[in-house]
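*Asks:* Spelled out from the first residue to the last, the chains are:
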Amino acid sequence: MKKMTHLNRYAATLAVAFILSACGGDDGTPGKPGEPGGPPAMTVDTLQITIDDVTMQSGIATVNYRVTNQDDEPVVGVPSATFIAAQLLPQGYTNAGNSSQWQFFTSQNCPARCTGDYVDYKNGDYSYTFDAPFDGMNDISYQAGATQRLVIKMGGDSLADGTVLPVTNQHIDWQAPTTGPSAEPAYTRNIVTMATCNSCHNDLAFHGSNYNQIETCVTCHNADRVSNPDNIFPQMVHAKHLSGFPGSLANCQTCHVADDTLSENHNWTRVPTMEACGACHNNIDFKAGQGHPAQADNANCIACHNPDWTANVHNDGGNDEALGQFEASITSASLNGDTVSFTLSLRNPASGQLYTDSANNLNFVADLRVYANWGTSFDYATRSPRSIRLQEEVPIAGSDGRYSYQITGVTVPAGTEMDLGALAIQGKVCAANGVLGDCSDTTNSEVNIKSSHQFFSAQALSDSGRRVVVTNDTCGSCHGDQQLNFHGSRNDLEGQCQLCHNPNMVADATDNPSTATADYKHLVHGIHSGQREGYESINYPGNLGNCAQCHSQQAGVLTAGLPLYAGVKPLAITGDLYTSPTAAICSDCHASDSATNHMVQQGAVFKGSLADASALTESCTTCHGQGASADVLKVHPIK
Amino acid sequence: MTHHTRVPLRLSTLALAILSTTVLGEGYGLASANRDNLKTEAWQCKRCASNTGTHGTIGVGVAHNDGEDSHFGNTSGTDKDGVVASLEGDIRHRAASGYQTHFTADKLGYDNGFAQLTTGKPGQYNISAAYRAIAHYDTNQALTPYHIQADAWQLPQQWQTGATTAQMTDLQSSIQPTSLQVERDRYNLDASYIGSFYRAELGYQYEQRQGHRRASGNLLTNSTMLTERIDDATDNVTAKIYLNGTNWLAGIETQLSHYKNDQQALRWQSAFAPTFGAAYSGQNAVSPDNKAYRIAGNTQLSSGTQHVLMHIGFTRMTQDQSYLPATINGPSPVLPTDNLAGQVDITEMKLNYSGRVSRALSLRASYDYRDRDNKTQVDLYPQIITDSYLSGYAHNLEYDRTAQQAKLAAKYRLNRAAYIDIGYDYDHNNYSDLDRQNLQESTLFAKIHYRISTQWQVWLKASGSDRTGSEYSPVTTTVSPSNPLLRKSYLADRERQRYGLYGSYATGAFSASANAHWMQDDYTDTLIGLTKVDTQGYDLSAQYAVNDNINLNAFVNQDWRDSDQAGSSNFGAPNWYATSAAKSTLIGAGLDYANLLDNKLKLGIDYTYADGQNDTEVIQGLRSPYDSYYSTRHTLNTFANYQISDKFGLRFDWIFEQYQDADWANEGLAPNSIPNVLSFGDLSHDYNAHYFGLTLSYQL
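Going down the list, the protein sequences come from chains A and B.
What the first sequence shows, in UniProt numbering, is residues 1 to 639, in sequence order.
What the second sequence shows, in UniProt numbering, is residues 1 to 700, in sequence order.
Since the hints were made in silico from the structure, they are not lab data.
Since the model is a prediction, treat every value here as computed from it, not as a measurement.
We put the beta carbon where it would ideally sit given N, CA and C, even for glycine.
Treat the hints with caution; some may be incorrect.
What follows is a set of in silico ranges between Cβ atoms, one per label pair, in the way DEER data are often shown [stated by the list, open to error]:
(1) E321(A) x Q377(B): 29 to 39 Å
(2) V475(B) x N231(A): 43 to 53 Å
(3) T129(A) x P481(B): 41 to 51 Å
Could you build all of it, start to finish, from the sequences and the hints given here?
*Replies:* Okay, structure coming up:
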C-alpha cells in the first residue's frame, strides 16, 4: 500500500506539471474579451454568423459565435437572437428502414424569452449558454455521440443606432459528450440545399420571415415538435408541392438535385419510407394494405424499391440517355418567294455520327415537324405558320445524313423580304431503357425531343433573330430544362412558342384584354400572375415582382426594362380595337382602375384605333425608363 | 491423452465458426465444442492380450434420460425422454492359426450407437463391417402451424392468411412444437489385403440421413420458417492399390460417390396473403442428386536422407437433376435447358521434397497446384424474385479458380538442444467472376525450438504475411452495385502477423504444456468492409498420475477475437463502425480412481465448462450494442464401475448438464413478432438435465 501511495503522489505531481506546461502560463479563460475585434461595422447589408464551437458543461451547452457584416467587420450590439437546438437520430436507428430523424429540444429567444446567459463581448463575439441541459427538454434524451444541431437566428430588428439587421439563419452540426468540447458529427442529414428551393421560390422564408433555411425548418418540423404528422418536414414539403407544381411531379430530382457535396443527397432513392413516399402517393394506406401490399413498418421497402428502381421510375427512365443519341439541326435555309428551302441533319451526339437515313426511313422517329414563320423584327407575320412532317416527307434531295426539304406558302408581307424568319423543330423519338428503338415495338415508348429554333435570312442561316427576353434556362428554373410541353411536344419556351403566339392573336374584349390574348408576352404574364382565365388559382412559388426570375439580360440590362422594343405592336382586341404596347404589357399585372387611369393620363391608349394605339403617345419612359426616377427595374423587387 | 488431442481440434472448429461470424452472422453453438464422454475403460491395451480363444465382455444397459430439451441428446446420445435400453460388447476371438475376429458395440439402440465386426489375419487380410448412428439435435421447441401432407407443408383447413403475421388469427391455436434433428445411419464394408510387394484396399460406405432442419421459404418480402425434410443417401466406393519397392512406394486411389435425395422440392402453402397475383404457395429447390469420381496417383521416392513425394489427382463432379419450373406462381418463363448438366473438374498436383543436406541442415520444398474448372454450359436464365415475378435474365457464372502454392523451408540444428526453422510460402490464386482477377500472398516464418532439458522444451514461432492482388473492380453481375470503397475481406489487401509460444514439461508422473498465440490481420486498403482482426488465446493442460490408482488431468483454453468493420449508410465514405468481440472459454478437469474396495471399484469424474459469447456494437456517433449472444455449458460426467464377481460387473453413469444460450436475433421472439416473418419463435435453450445409466456386463 505504501508503494501505491508513492506512486499516486508521483502521478499527481506529473499531472500538475503537465497542466502547467499545457496552459503555457495563460489565465485559461476563454479569452474572448481580449480578442482583437477591429472597428465595428457601420453598415450592415448582410450578417455573417460564424459559429466557433459548442462546449458542454454538465450537459449545458454554450455556443460561441462571431457576427460580422459583408466586409467581415464585427457587428456589435445585436439586440436579440433565437437559439434552436435539435438532435438527429441516425438512419435505421428508430427501426430498420426508417430515415434519420430530427428531435426538437428547445427554442430560446434572447433576451425577450430566454433564461440562459446571452453575452455580447462588444467586439463581434457573442456567446449563449442555455439555461439547462438539453437532456429531458421536450421529453427528449440527450445522447452523447448523436449529431446535434444548433441554429442561431438573428436580424429583423435594428442596432441601437437604427441600422437594420437582415434576417439571418446559421446552423452548426456537432456532437459532444455531456462535458467537453464539440467535434465533427459522425453522421448528417444533408439532402437538399436552400439554393435549390430558391431557384424557383425567391428568398423563401416562413414564420414572420424569420426562418429561411432548410437546416432551420427541420429542427422544428419533426415528430417531437409538430402535433400533426403531416407537418413533419419531408412529408410536409412533398405534400405542399402536389398542387400547381410547375414541372413533372414524378421527377424527384427537380428538388433532389444531384449534388455530391450533400452527403445524404441520394436518400430519395436509398431510403424509401412510407412517410416520405406516401406524402405524394397519398392514395396508399400502407398499414391497411390499400393501394399497396400491407406493410407494418419501413423495414421491407428497400427490398423491392431498390435505388435503381426508384431512380428509374421517378426520373425519365433513361430518357436523357436516349435523347443524348438524337439531335436534329438545320444546316442551311433560304427564302425564295413564299418557299423556304432548308437542309436538316440528324446526328447521334453520343457517337458523333450522322444518321445516314432521312427521317422518313428512321424507325425510331415517331414525329418530327418543322414550322416556318417570317418577320422576326415585327414578331412574325401570321399566327398560323406552315409546317411539314419530316417522318412522312420524302426529302427533295440529299444523302448521307443531310436532306433537303421545302415549306411552301410562307406568309411574307410585301417589303419585308430583307427581314428574318424562324424555323422551329419539334418531335418525338421511341426508346426504352435509354436506347432508341423501333416505334412499332410496343416495348419502346415515345419521348419528346427538346424543341429548337433556327433563324434565317432570305439567303442563309442567321445567329440572331427575334429578340430574346426569356430563355429556356430561366423557364427551367421552375419548369425543368425544357420539361414543360405544350400541344404535345413543344417545349422551346425561348423561341418556338412565339412562332404562333404572336401579335396576330386577337384578344377578347374583356375588362382587361391584356390577360385574354394568346400573344406570348401577355399570355405568360397573365398566367403567372393568376389573372388569365383558368389560372386564377395558380400558386406562384416566387415573388411575382421579381422580373429576373424569368427575364434574361441583354447587354447587362434586364430585358424587363423600359423602353419596350420598338417592334412591339399594340394589343389587338376583337372589334378592331387596340391598346398601346407599353400599357398593354403593364396591364398584364397592373390592372386596377387607378393603374389604368395613371397610364391613360400619361398617354396610353386603351381599346382605341390602331392609328391612335400606334401613335407613340405613351410617355412611360420619362419616369419608368432605365435610369429614371421610377425605373421599372428599380421599383420591382428584382433579385 | 485421447481427449486432450480432441480438445484443440474441437476448438479450431469453434474458432472457424467465430471467424465466419459477421455482425449479422448466424449463430454458432458451443455444441460444436462438445467433448465426448470419456471412455476411460477403452484406454486399456486390448492388443496386449496374447492368449487364444474367445475373450471380452458383453453388456446390457438401461438408462433414464431427461429429454425435455432434445439438445441434451448431443451429450447423452439420445433425445428420448425416460427409459432407454442399449447393448454393448467387446469380444475378441483369436485362433491358434492367427485368425482374429473382433466385435465391438457401444450404445447400440441409441441414436448415437456403434457396432463393428472385423475378421482377418493381421498382416495379411482384413474384412470389416460396421454400423454407426450419429444424431444431432437442434431443438424440439420450434413452433409451427404447418403439417406435411402430400409432400408439401400445409396449414390447417381454417387458416386465415394475413398480409402480416399479426393478421393470422389462427396462428395461436394452430402452432405446435416440432423437432429439428438429423440422424445418420452409416454402414461400412471394408476389405484389405497385404501381399509381398503390394497392398490393396476396397471400401464401401452407405450413409443415410433423415430428419428435419431449419429452412425458410420466401415469397417476395414475406418469409416463413419451415422444417425442411431431410431424406437422402450417399454411396461411396473407394479402391486403392499400392506397390512398394526398396526405396519407393507408388499407388493409385479411386473414389466414386453418388448422392441421392429422396426429396424433390420444398413446397409450402403460404401463410401470407399474396402480395401480388395469386402466389398462394411456394416451392424451393433442394440439394440435387449428384455424382463425383476421383482418381489419384501417389509416388514416394527415398534415397538415403532425400525424399520426394508426388501426387496427381483428378476429380469430376457432375449434376443433371431436372430443373423445377422457374416459378409455380403464374406462367413460368422458359428455361434454357432441362437440367444444368453441370460439370466441374478439379485437377491437382503436388510435389514435395525433403532432404538432409548435412548433419545440421535439412531443406524442404513443395509446389501445389489446384485448378477448379467449371465446364457447365453458360446460359441465360430467367431471374425470378422469390417465386413471385420475373426480374430479368442473367448468365450462370463459372467461378473458376486456379491456386498455386510454393513453399521453401530450411531447418538448421544449432546444437543438440536447439534448432531454427525458417521458411517462405507463396500463394497465387486466379479467379473468374470475382472482384479481383488474382490474389497473391507471401509469408515468411521463423521458428526456434529449444529443448532446455529432458523435461523442458519450448518453441517460439513468428510469421508475417502480405497479401495483395490485381486491381479491385467490383463485379457488375449483381443487381445493386456495391459501394466502390468496399473491399470483400477474402479478396482484400491484408497484412498478417502471427506469433506462437509453446512450452512443455514432462516427468514420469506429471506432464504439462502451455501454448499462447496471437494474430493480427490488418486490411490495409479497406475503407469499407472488415478492417482489422485481432486474435489471441492460450491453452494450458496438465496431467498427474498421483499413484498407480489415481490420475488427474485438467485443461484451460481461452480465445479472443476482436474484429472491426466499417460501413456507410449513405453509399459514400465510411460513417458507421462495428466492433465484434468474440470470446470462448473451455475449462475441464478429471479424476480417475481405480482399484478401490479391494480392487473392485473404479471411479471417474470429469467436468467441463464451455462458454462462448460474441458482443457486437455498432457505432455511428451513438453506440448501439446488440443484445446477448452466448452459450454456456457445464457438464459433469461420472461413472462408477463395480466388479460384482469374476464374471459380472456393474457400471453406473451419471451425466449432468446445465446449458443456456441466447441469440439476440430470436431472443424472446414469438412466431408472429416480426410482421413479415412467420418464425419458429425463440429457439434458445435453458435447461438442467440428468442422465442416469446402469450397465450390467458379463465377462466371457
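*Asks:* It remains to establish, for every hint, whether it holds in the given structure.
*Replies:* Results for each hint:
1. E321(A) x Q377(B): 29 to 39 Å: 33 Å, holds
2. V475(B) x N231(A): 43 to 53 Å: 44 Å, holds
3. T129(A) x P481(B): 41 to 51 Å: Holds, since T129(A) and P481(B) (Cβ atoms, about 48 Å apart) stay within the stated range.
Every hint from the earlier list agrees with this structure, and none is contradicted.
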